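Protein chains: 2
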Amino acid sequence: MSTVDRAERVPKQDRSRATRQRLLEAAVACLAEHGWAGSTVSVVAERAGVSRGAAQHHFPTREDLFTAAVEYVAEERSTALRALFPDGSRAADRREVVAALVDLYTGPLFRAALHLWVAASNEEQLGGRVTELEARVGRETHRIAVELLGADEARPGVRETVQGLLDMARGLGLANLLTDDTARRDRVVTQWARLLDGVLG
Amino acid sequence: MSTVDRAERVPKQDRSRATRQRLLEAAVACLAEHGWAGSTVSVVAERAGVSRGAAQHHFPTREDLFTAAVEYVAEERSTALRALFPDGSRAADRREVVAALVDLYTGPLFRAALHLWVAASNEEQLGGRVTELEARVGRETHRIAVELLGADEARPGVRETVQGLLDMARGLGLANLLTDDTARRDRVVTQWARLLDGVLG
Numbered sequence: 001m002s003t004v005d006r007a008e009r010v011p012k013q014d015r016s017r018a019t020r021q022r023l024l025e026a027a028v029a030c031l032a033e034h035g036w037a038g039s040t041v042s043v044v045a046e047r048a049g050v051s052r053g054a055a056q057h058h059f060p061t062r063e064d065l066f067t068a069a070v071e072y073v074a075e076e077r078s079t080a081l082r083a084l085f086p087d088g089s090r091a092a093d094r095r096e097v098v099a100a101l102v103d104l105y106t107g108p109l110f111r112a113a114l115h116l117w118v119a120a121s122n123e124e125q126l127g128g129r130v131t132e133l134e135a136r137v138g139r140e141t142h143r144i145a146v147e148l149l150g151a152d153e154a155r156p157g158v159r160e161t162v163q164g165l166l167d168m169a170r171g172l173g174l175a176n177l178l179t180d181d182t183a184r185r186d187r188v189v190t191q192w193a194r195l196l197d198g199v200l201g
Numbered sequence: 001m002s003t004v005d006r007a008e009r010v011p012k013q014d015r016s017r018a019t020r021q022r023l024l025e026a027a028v029a030c031l032a033e034h035g036w037a038g039s040t041v042s043v044v045a046e047r048a049g050v051s052r053g054a055a056q057h058h059f060p061t062r063e064d065l066f067t068a069a070v071e072y073v074a075e076e077r078s079t080a081l082r083a084l085f086p087d088g089s090r091a092a093d094r095r096e097v098v099a100a101l102v103d104l105y106t107g108p109l110f111r112a113a114l115h116l117w118v119a120a121s122n123e124e125q126l127g128g129r130v131t132e133l134e135a136r137v138g139r140e141t142h143r144i145a146v147e148l149l150g151a152d153e154a155r156p157g158v159r160e161t162v163q164g165l166l167d168m169a170r171g172l173g174l175a176n177l178l179t180d181d182t183a184r185r186d187r188v189v190t191q192w193a194r195l196l197d198g199v200l201g
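Residue numbers (my numbering), protein chains in the order written: chain A, 1 to 201; chain B, 1 to 201.
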C-alpha cells in the first residue's frame with residue numbers, strides 16, 4: 001500500500017464510523033419518538049443526514065439497524081454509569097448508585113427499547129433478535145449493579161435482591177412513560193436503597 | 001309500561017350487557033395478541049361475533065373501546081385477587097400475596113395494557129385517556145396491596161416500600177414479555193417477600 005493510499009484510508013474509516021454512529025443515535029431517537037411503526041431505515045437515514053444507500057450499506061435490514069442502535073446506546077450508558085463511580089462502590093454511595101441504576105430506565109434509551117420490545121412481542125422476525133439483545137444487555141447491567149453496589153453474590157438471596165432491584169428500576173421506567181414520575185420515584189429510590197443497606201450490609 | 005313490555009325489556013338489557021362484556025374481553029385479547037396497530041373496532045367486533053354497528057353503539061370510538069376494555073379486565077382481576085384472600089392478610093401468607101400481586105402483571109391483561117401504554121406515549125389523543133386510566137387502576141392496585149400485605153402506611157417508609165414492590169411487579173411483567181421468566185421470577189418473589197417481612201413486620 002502506498003503512503004497516499006494509507007493516508008486516504010484512515011479518514012475513510014473514520015468517516016464510516018462516524019456515519020454508523022450518527023445512524024445509531026438517530027435510530028434510537030426515532031424509536032423513542034415515533035415507535036416501531038414510525039421507524040423505518042429511510043426515516044432514520046434522513047434524520048442522520050445520510051443517504052438511504054449508505055444506511056443500507058451499514059445495516060442491511062431494519063431489524064439490524066434498530067437492534068444495533070439499542071445495543072450501542074445501552075453500551076454507551078453502561079460506560080457512562082461506570083464512569084460515575086470510578087472508584088467502585090462505597091456503602092455511603094448506595095442511594096446514588098440505586099438512583100443512577102434507575103436512571104438507566106427513565107430516558108430515551110428505555111423508551112426506545114420499550115418500543116422495540118413491545119413490537120418484538122408481536123413480530124416473530126424481530127422477537128428472536130430482541131430476546132438475545134435483552135439477555136446480553138440485561139447481563140451487563142446486572143454485572144454493573146453487583147459491582148457498584150458492592151454486592152456479594154456468594155451470600156444467599158443477594159443475587160435475587162439485585163435482580164429485583166433492576167426489575168423495580170424497569171417498572172419505574174414504565175411508570176415514567178406517560179407522566180413525569182420523578183418526585184414519587186425519588187421517594188421509592190430512597191426507601192429501597194435503605195432496604196438494600198439492610199441486606200447488602 | 002305493560003307487563004309484556006317489562007318482560008321484553010329485562011332480557012334486552014341482559015343481552016346488551018353480555019354484548020358489551022364480549023366486546024371488552026375480545027378487545028383485551030386482541031390488544032395482547034396484535035398490539036395497538038392491529039387492534040381496530042372492526043377486528044374486535046368480528047372476534048366478539050358482534051356487528052360493527054352494535055360495537056359502535058357501545059363504544060363510539062376506538063379509544064373508548066380499548067380504555068374501557070383494559071379498565072374492565074383490571075377490575076375483574078382486582079376482584080379475583082381480593083377473592084384469593086377472603087380473610088384479609090396474615091403474615092404467613094406474605095409470599096403468596098406478593099406472588100399474586102406479581103401475577104397481575106404477567107398475563108394477557110398486562111400485555112394488553114402495555115401495548116395501550118406504549119401506543120399512548122406516541123398518540124396524543126390516547127395519551128390523556130390512558131394516563132387517567134392508569135392512575136385509577138394504579139391507585140386501586142396499591143390499595144389492594146396495602147390491605148393484603150397488612151401494611152401500616154402510617155409508619156415511615158411503608159408506603160414507598162409497597163410502591164416499589166408494585167414497580168418491581170411491573171418490571172417482572174416486562175421481563176416476561178418475550179420469554180418465560182417464571183423460574184427467575186419465583187426466586188425474586190421469594191427473596192423480596194422475605195425482605196418485606198423485615199419492613200412490614
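Treat the hints loosely; a few may be bogus.
Derived CB-CB ranges, DEER-like [to be verified]:
(1) GLU46/A - PRO108/B: 33 to 41 Å
(2) GLY107/B - ARG139/A: 20 to 28 Å
(3) GLU46/A - GLY107/B: 57 to 65 Å
(4) SER42/B - ASP197/A: 20 to 28 Å
Here are a few chain B residues that face chain A, going by a calculated C-beta distance under 7 Å [said to hold, decoys possible]:
(5) PRO60
(6) VAL118
(7) GLY164
By construction, these hints were calculated from the structure, which means they are not laboratory data. The structure displayed is predicted, hence computed values, not measured ones. Glycine included, every Cβ here is placed at the ideal spot set by N, Cα and C.
So, going through the hints one by one against the coordinates:
no.	hint	result
1	GLU46/A - PRO108/B: 33 to 41 Å	holds (37 Å)
2	GLY107/B - ARG139/A: 20 to 28 Å	holds (26 Å)
3	GLU46/A - GLY107/B: 57 to 65 Å	violated (40 Å)
4	SER42/B - ASP197/A: 20 to 28 Å	violated (55 Å)
5	PRO60	violated (23 Å)
6	VAL118	holds (5 Å)
7	GLY164	holds (5 Å)
Figure legend: structure checked against the earlier numbered hints; hints not met, in rising order: 3, 4 and 5.
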